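> Work the whole structure out from these sequences, hints included.
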Amino acid sequence: MFSNFDFSVIAASLPYLFGQGMVFTLTLTALAATGGIVFGTGLAMMRLSGIPGVTQAAKLYVELMRSLPLVLVIFWFYFLVPYIGAWVTGSATPIQVGAFASALVTFTLFEAAYFAEIMRAGIQSIAKGQSAAASALGMSYWQTMRLVVLPQALRNMLPLLLTQTIVLFQDTSLVYVLSLTDFMGAASKVAQRDGRLVEMYLFAALVYFAVCFTASWLVRRLQTRVAIIR
Amino acid sequence: MTSTPMPAPAAGTPTANASEAPADEGLRAGPLVTPAPAPATAGSMIAIEGVSKWYGDFKVLTGCSTRVARGEVVVVCGPSGSGKSTLIKCVNALEPFQEGQITVDGTRVKDRGTNLPKLRARVGMVFQHFELFPHLSITDNLTIAQRKVLGRSGEDARKRGLDLLDRVGLSAHAKKFPGQLSGGQQQRVAIARALAMNPVVMLFDEPTSALDPEMVGEVLDVMVELARDGMTMMVVTHEMGFARKVADRVIFMDRGEIVEDATKDAFFGQPRSERAQQFLSKILAH
Chain C
719 MFSNFDFSVI AASLPYLFGQ GMVFTLTLTA LAATGGIVFG TGLAMMRLSG IPGVTQAAKL
779 YVELMRSLPL VLVIFWFYFL VPYIGAWVTG SATPIQVGAF ASALVTFTLF EAAYFAEIMR
839 AGIQSIAKGQ SAAASALGMS YWQTMRLVVL PQALRNMLPL LLTQTIVLFQ DTSLVYVLSL
899 TDFMGAASKV AQRDGRLVEM YLFAALVYFA VCFTASWLVR RLQTRVAIIR
Chain U
42 MTSTPMPAPA AGTPTANASE APADEGLRAG PLVTPAPAPA TAGSMIAIEG VSKWYGDFKV
102 LTGCSTRVAR GEVVVVCGPS GSGKSTLIKC VNALEPFQEG QITVDGTRVK DRGTNLPKLR
162 ARVGMVFQHF ELFPHLSITD NLTIAQRKVL GRSGEDARKR GLDLLDRVGL SAHAKKFPGQ
222 LSGGQQQRVA IARALAMNPV VMLFDEPTSA LDPEMVGEVL DVMVELARDG MTMMVVTHEM
282 GFARKVADRV IFMDRGEIVE DATKDAFFGQ PRSERAQQFL SKILAH
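So the sequence lines, in the order shown, correspond to chains C and U. First residue of the first sequence? That's 719 in the working numbering, and the numbers climb one at a time after it. First residue of the second sequence? That's 42 in the working numbering, and the numbers climb one at a time after it.
Don't take each hint at face value.
[To be verified] For lysine-lysine, the following DSSO-like pairs were computed, each having C-alpha atoms within a straight-line distance of at most 30 Å:
id : chain 1 : residue 1 : chain 2 : residue 2
1  : C       : K846      : U       : K189
2  : C       : K846      : U       : K100
3  : U       : K217      : U       : K189
4  : U       : K305      : C       : K846
5  : C       : K846      : U       : K151
6  : U       : K217      : C       : K846
[Unchecked claim] Here are a few chain U residues that sit away from chain C, every Cβ distance over 12 Å (derived from the structure):
id : residue
7  : D152
8  : R161
9  : D295
Since the hints were made in silico from the structure, they are not lab data. The structure presented is a predicted model; accordingly, all values stated were derived computationally and were not measured. Beta carbons: idealized from backbone N, C-alpha and C, even for Gly.
What follows is the structure, encoded as structure tokens:
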């Protein structure tokens, strides 16, 4: 059945696929996840702050991002940010934002909305008595958050945060619309060049499956290990 | 009805013979606290004046007034929902209140200019559900606020924390995590954690209510010791045995009001109000 196919194309292109493509994919995933969790935690704290205006602003941001398709947001930022930058700096010509920088900012801002909801649940899962105890010891709001609430919320939510990061790992393939070469883009380029579409896309699917399946399995194992003894 | 007239606190409280207090079993000899420095003003440690509090339309505290003198041990009791926990949480402003004023060691709790974290750092509080920080070891639980709030060095904080852990008889557990200790042990750690901040007063919010019966004693032992060392204490509890042993005064609350505020002997001898009589007969029947 596979007599018409030539799988040697995969072996020949491995250095390119992984050395270029996968490195890009993993870099973008790691940076966007880190930035997204940091900004998302900020959004979650804003949303739970109960300060009029601040709560609504965070809610609006999260709802907006979660209601838009990621591809649209990627386009949006890529084409619009140079003009906004020019407007802000008062420059006559659109400022130069590289495709990678644009993609990184987009994924960070977009994923932050999802991480925010996870962190919100995480913060709310910490009993109110914990922050009362921290306050009673004289800790400020920021100390209570930094030393007592967030460390526990992060540990409780780590499996969910990592699962969301796995989704992000898959979503990064959308950078092909900016002509960036991630793993998927690299596979696609080889496929088009050599006319080996079936082989390359099959291989790409296998790699994504293997990475995500393994990662999910690791997350499940981690889940039991990081749990706080109660 | 607002508040019952406040009887004068019993003079010459047990604090006078603090150093003669016998060491309880399981507890090391020596005072749990260094005696508070001579009061700047001879006034009371806690003054609660006409405090009222609402949750929306529901009034949970109605014109509560009382005083806790330096070195005095005051037990607050009453049926559940009577507002006693709410009142004690108002003292360190964990619960806001709409009317009245509370003064702790000369600092007005409900003042715009009051630095609440600074005030709370001087008021120790022990909770019903211990509220140790589960992600930190026992040592870290004892030292984190000393270091981050009081700015003590890691070494000083550790020394003070482990010293207090030893006094509550748990020095073998310094490296464990809260989840590995029994409820009674956790509550003793929680008391040590509060004492590590060198508080001028200690508040206890039903410290034994969440404990299995066989663990109540070990926690009360620590509290009795603390009282005999001269610590100013305000204790919300149903443990009338504890009240009889070390309380100077007993406050009885019902439906958000202070119904009775009397010396221990007067309260147990002949409580004036019918509600207090009923309450006492119910809980002393067991």
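> Are the hints correct? Go through all of them and say.
We went through each hint and held it up to the structure:
1. Restraint check: the Cα-Cα separation between K846 (chain C) and K189 (chain U) comes to about 21 Å, which is no more than 30 Å; the hinted pair holds.
2. At roughly 22 Å between alpha-carbon atoms, K846 (chain C) and K100 (chain U) fall within 30 Å of each other, so this suggested pair holds.
3. Between K217 (chain U) and K189 (chain U), the direct Cα distance comes to roughly 21 Å. Compliance with the 30 Å bound is thereby established for this hinted pair.
4. Of the pairs offered as hints, the one joining K305 (chain U) and K846 (chain C) is violated, with about 34 Å between alpha carbons and a cut-off of 30 Å exceeded.
5. With a C-alpha separation of about 22 Å, the suggested pair K846 (chain C) and K151 (chain U) falls inside the 30 Å cut-off, and the hint holds.
6. The hinted pair formed by K217 (chain U) and K846 (chain C) meets the criterion: a straight-line CA distance of about 24 Å does not exceed 30 Å.
7. Every C-beta of chain C lies more than 12 Å from that of D152 (chain U), the closest at about 17 Å, which supports listing it as non-interface.
8. The claim that R161 (chain U) lies off the interface is violated: its Cβ sits roughly 5 Å from the closest Cβ of chain C, which falls inside the 12 Å cut-off.
9. Annotated as non-interface, D295 (chain U) keeps its C-beta farther than 12 Å from every C-beta of chain C; the closest such distance is 25 Å.
Hints 4 and 8 from the list above are not met by this structure, while the remaining hints are.
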